[in-house]
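J.: The chain contents come next:
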Amino acid sequence: MRSPILATRPFEWLLLAFAATLAPYTLWLPIWYSALLYAVLGARLVQRRRFARPWPGWVKFPLLAAILVLVVWEFGDPRSRQTGTAALLGLTALKLIEAERRRDGFLTATVCLFLVSVQFLFEQGMGVSAYMVIPTLLCFLALNECAAPPGTRGGIADEFGRIGRELGLLLLVALPLTVFLFFSTPRLESPLWGTVETPAEGRTGLSGTMSPGSITELIADDSPVMRISFAGEMPPRASLYWRGPVLWHFDGIAWQASRSFLGRSNANTPGPTRAGEADLRYRVLLEPTDRRWLFLLDYASGIPPETLRLIDGQVVHEQPVKQVISYEAAADLDAPVPAGPFIQEQRGEALRLPPQRNPQTLEMARQWRAEIGNNPLAIAGRALLHFNEQPFAYNLSPPPLTRVDRVDQFLFDTRIGFCEHYASAFVVLMRAAGVPARVVTGYQGGTWNPVGQYLLVRNSDAHAWAEILVPGQGWVRIDPTAAIAPERVDRGGQAFAEPSVWRAGGWLEGVANRFDAMRAWWNETIVRFDHLRQRRLFEDFGLDIRDWRQLGLWFGIGMIALALLSALVFWSRRDRREDPARRQYLRVLRRLSRLGVATPDSEGARSLAARIESERPELAGLLRPVCEAYETSRYGQSGQADAQRLEEAVTAFLAGTPRR
Amino acid sequence: MDHHTPEQLTQALAAAEAQINQVVLGKSAEVRQVLVCLLAGGHLLLEDLPGVGKTTLAHAVAATFDLDFSRVQFTSDLLPSDLVGVSIYDQATAGFRFHPGPIFAQLLLADEINRATPKLQSALLEAMAEQQVTVDGTSHRLPQPFVVVATQNPVEQSGTFPLPESQLDRFLFSISLGYPDERAEKALLGASDRRAVIAEARPVLSASALTALRALAEVLHASPAAIDYAYALIAATRKDRRIRIGLSPRAGIGLMRAAKAHALLARRQHVVPEDLQAVYVAVARHRLVLASDASGDGASIARELLAQVPIP
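Just so you know, the protein sequences line up as chains A and B, in that order.
In this text, residue positions in the first sequence follow our numbering: the first is 1, and each later residue adds one.
In this text, residue positions in the second sequence follow our numbering: the first is 1, and each later residue adds one.
Please note that the accuracy of each hint is not assured.
Unchecked claim - Partial list, derived from the structure: chain B residues whose beta carbon lies under 10 angstroms from chain A: (1) 76; (2) 222; (3) 274; (4) 276; (5) 312.
Since the hints were made in silico from the structure, they are not lab data.
All of these numbers come straight from a predicted model, not from anything done at the bench.
Quick reminder that beta carbons are idealized off the backbone N, C-alpha and C, glycines included.
In isolation and in its complexed conformation, chain B is listed as follows (with noise of 0.2 angstroms):
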């Protein structure tokens, strides 16, 4: 399991992604995006109805890649210190002792984030930024990797507390993965429990090769013409008048990222305008705040830009 050369990296990457792509069945493109994110080192936002795979997608990205998972469903009576953990008087070393939360683990599945209220979720996002949490004026780092996959129900809104465009922002990918086609649903019908295939999942990447493998995407060329057309996909959003709020320089920073990351897994040593376009959507449909009067939604509106936005 431990791999050392760059070649030798992205090829268990590859077996990693074949064995993902056998638990999740009929997703593939959504589970290249989820690696992508993973690679890129950034957060993910699944925006999906209950039911279609994404608890059996975070268990079997956790379980390929020997990551620590922890779930948290959230719900409005959640308090901060449920999450992240409480210190508590020991009369033995007659002194406070941290008991860390579910946010301790390498991979957070934080389900329908949007239950939650504004003060949990606003710890959670700080965590995700600072990859650490203060409790009573104490900071402890969270393990490395830490990623959070955050999942909401973009259906049921009643008794929700929509996340601000500044925490979403937090957010790299946001997708969706939607009902499994026809084939790959009646393959679920037939086969056993999706826990027991988890189960069966074997680690092909260790943590420590995760983060290897981000330094390695890091790193990656990417030529002026390639930033020229991310710029103008980024600029793009600024002058269409259906978008209020356009991309931040941080969204731009994370659309290079992921980019990268995306040319690694299909093995280029550079950026070329298509891992661009692979990944845009996904970058930018939850962090576009449309005007009022706008038709679409932002992963709509983002395809109709990668449509007109010429490649210089």
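Only chain A is shown next, with the shape it has when bound in the complex (with noise of 0.2 angstroms):
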């Protein structure tokens, strides 16, 4: 059976439907990708409001291999999900270019659902979920409007209801098999997109180097980073510093983690310690980052499952953190972070500074050393002193350091700067007085949902401070921006940022927080859907799914089986094969669209042989045979040899004109 023509109607919807489904693409796609293929949709429903004629060969195939070359030219690597995915939306939209049978209608349109589910590899948020809705329906509008007969459709108006009707009952049907194949899809330990390693894809986060500006970024974004709730009370704000990564190396401008075996993990570090009854204990739902660190209060007497914790009291994940991830931790608040193996190595590093810079830097805390002596508290508190006597402010927008002896231009000169700047001055102080010192990046305090009972902590708490190495106790934690600007710590790094209505204070304060619980339930409850959970629940129903092998063989059977029942059903429906003489009329048929002759499905054979007589003149003396055989052998008392006939009118018409 030839598929009827795709008609106008469906054809829009399906059109909108998919203009839908690219726009949450539009976010990474490059931009001159997304125009492309805007433009693309553009012109092709001009093309069909207007003309007639199909687009020519001569443009789609040059198209095609246009977008397949610039897309391996953007993404690289064939295999990453970016170059797969970008590929599929360009050629859905090509498709949508020849799309002029109900088939094709069918086909797009499931295409584009599959690029709905797709774009959740991409970003599981819920703003795009919620967002997600729209294409969907839009795909089954279309569906919907392609499955009816033509004709039997009135306005769009008139229609709603019915269409709303009969959408609703679609998927009203669909949501208990929807809802099954969610909870019982078997779920991979690590999802299989992350097989081929992608760099972070411009998340904005803590980045494990510290370079000048890069901690004002941060500040001005406002996504969450992580929600963490509490077994107890919250403890005070200021005491709060989730460590993230610990930077060792300065080269005068930039920190960086250690390039050393110090960054590393070690069988000798501390591994996951059972937490002491008085230690405060706490879960985290952690956004992705695209990065191993996973963020701890200090000192961390007790760290997940699957991580590992390096030598400098950093706790690393097995793998980048694709997708939200949750993690119960315990924190001893009071304690430093002990020393650790390799204490000269670390001693060593801790004391390294980029040679012949800063000499008044160093000639200061040359001066403080000989008079306080060997004593790091001490010379901590005198650097701290000094920061409070002299004129320093914090600002969030300081003056530019252009000179090669930063460090200098800040202390002595300007003198206004954020976390990063007296991070980055105190420890190069410490260093240059014989005290080992580093910095630690990471985030302080948080804000605290009252909704949903959480401490939020967002890229906009983003903090650098120190440690400095004391004998007997191990790396004391000294905040040297606490010297200037107590209120960063006590009311969060937004006291400095721009106000808002929707942060602390503002009037929709209230609305911004019930929205993150919102966020904070959707990703608890069906982002972080994983294996365990799901090995959990079926325990509860008395199902041991020891591992996921077990339940996709399960799956893969249901999944089988459910295939084979539609495709008897679809068989029996079926009910006939194609006529012989239909196929072979068919196939002529195909030839001279392929030759740009319009084939309307209402067109006989007798009709369509007189119609190419005086418009194709050329086609008409092979194609007449064609025609009068099929009219025989198809509407006549035919017998053996009019079947023959057509088969020899239809071979003569094949050979005889050109393939395109």
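Relying on the hints, combine the two individually framed chains into one complex.
T.: Structural data, given as structure tokens:
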């Protein structure tokens, strides 16, 4: 059976559905590519409305080649999910160019639905998920419109109720199956798309280096990093230091993580430890960062499984965090970070300074050392006093540091800066005075959400502080920023950010809190439904799924059974095989379409032959015998001879006409 | 004038068509439709303005096929007995004697059928369906073949009784002649009186030959593919939301019979999709009951369906 013509209205719904599906992808697709795809859709809309002629091959094929080449050139690795997705988006747009039959409509709508789900490989947040309802409904609408026989539909306004009822019924039927599949689809321990490593895709967050301005960028970013619920009372905000990357190496401008083994894990590292009874217990829901660090309160007396503690006290996950994860930990807020093994190597690394830089700073630190002697805590106190006595100011947009000796310029000239400047200058001072010191980055404080009863930490809570090595105690945290601007630590980073109605004190704070609590719920219940929770759920039903392979097996069997059932229904509905004469005739029609001859479904063979006689006389000679033989074999009291005659005529036609 | 073999019959049919076309100028497509309707054994509804040649056409057909012709102008005061006849007491035989009315003809031209009262309309339509009339409990066979050509003025609606759908269904075809084209109209203006032309027309086929041709059409081959297409065309009227009532099974049977007649006129041994397409609008246009908000008329919607429904 030849698929019927795709009417204008379903086609335009389809176009709209694809345009809506494409929208969230524009967030990461290069702008020229999104623009190209939308331009193709627009051109197609105009062409289909205004001109009957299909797009010629010399437009379609170069466009196809261009899209594929540009995608590979832009995204590189053809195995990565970006490349595959971008290519699929391009191919779908091209398919819409030549969608003329109802079958094309069904196919494209289905691919659009697939693209809707592919979107969740990139972004699973609640906002985007809520948006995806729109393209999903549009796809269903397009499918529904494609399925309606032509002429049976009125204006969209008249049909609103009917379409709504039909879609609602379909969704209602699909809902239980969707819920079942959500819970029963085997969850892998690590997502499949994690197999091809991609660099962090432009996500903001702490990066393992600290260069001037890197933290201001974060402070402008209100996106959530993690949500923490405490087992008991929330401790005072000033004591909440969420430890992130530890930076050892200073080149005069930027701080970096240790290049030696100190930044790695070691068998001698204190592993997961049993937390004491008095320790603070809490649970973290961490947003995807694409990096391995987990942010834990110091000192982390209990760390989650599947994590490693590095020599410098940093706790990292086994793989980069590509989706929302949750972990539980315990902390002893008053204890310093233990010095750990390789103390000599640590001391050496923590005293190193860029040679021949910042002479003024070095000179001042040497004086302190001479005055105070070898007392790390006293030297640190002297430095904090210096910050306090001299006219230092905390400001998120300080004057730029331009001299080679940046620390000198900051300490003796500009004296305006924020946490990264103070932490950096402090550690340089300590090292110059012979006190081993390092920079720690992470987050400080957070915002209490009374609706969800959790602490929200945003990127704007990013912070940098210092740690000095005190013999006998370990690494002691010193926050020089607190000496300059105690309110940064007391009230959080937002105290210095632009005021906003959404933030603390703003009149929409309650709304913001409710919305964030909803996001937290979404992440906790929907996004983070992983293999462990799935196993637990099935255990509740008395099913022991020891590993996902077993679940996968049952799932596969179920799916195959479902597919067989569908096939059975499909075949029983298909009343009979296509008539052989018709099959032959359709070959001729397809060739005619390629030759640019319109072949409406409602035109009989006889009329077609007559029309070609005047429109394309060069084809008429070969076509006439085909049409005559087809007519007698399909409509006459035909015998074997007619079928033979038709086959010969078709062969002659196909041989005698160009392919395109 | 007597023809026996199918070959001779169809040849004579072509000659008949040519003769009617000489009387009714510039309307060969409509003449073809009228002949199809006649061959399919159906009744014809002409929806037209006055003066476009409805009567001339009916006269020409009657003369060409040698049919006994009668014409009744329908008015609101016409009684059923005026049409079918009355039984009058005959003193000579001391019994009632039936005096047949004008309906006892082989070709009845019922002019402006919608001006008659429903009572008269139903009497006529009963006769069309049963091929007989019943007066005072006695049934009288109508002469065979019996063909009604009814006319309706689509513009003037005041004082009319529109035919109910159930009665419209009894007309196999509804066609509209419309104005002749420029060439035909100029020829008409320059030529002599049409009545003289009709008077010159000689019978080409006998009434019995018409019956034989009808039998030939009846047995023409309709392949399953052609039946599939006919079904698709009928089903489409039942699914379209602009149509409140689609084609009835009786209309479907009529469509198939008309297609066979069309194939016979085209001298084919079997029905092809083009036959169905050629008769579809005439079969459907008066039968489709449109939804109140539908734009267009039955004919335009039927033509749209023809363009939409794929040939299986």
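J.: Hint residue 274 of chain B vs chain A: min CB-CB distance below 10 angstroms?
T.: 5 angstroms, holds
J.: Min Cβ distance, residue 276 of chain B to chain A: is it shorter than 10 angstroms?
T.: The hint holds - residue 276 of chain B has a Cβ within 10 angstroms of chain A, the shortest such distance being about 9 angstroms.
J.: Can you verify the interface hint for residue 312 of chain B: is its Cβ closer than 10 angstroms to any Cβ in chain A?
T.: With a minimum Cβ separation of about 7 angstroms from chain A (threshold 10 angstroms), the hint on residue 312 of chain B holds.
J.: Given residue 222 of chain B as an interface hint, is the shortest Cβ-Cβ distance to chain A below 10 angstroms?
T.: 8 angstroms, holds
J.: Next item in the hint list is residue 76 of chain B. Is there a CB on chain A closer than 10 angstroms to its CB?
T.: Violated: closest Cβ of chain A sits about 39 angstroms from residue 76 of chain B, beyond 10 angstroms.
Violation of the numbered hints given earlier is confined to hint 1; every other hint is satisfied by the structure.
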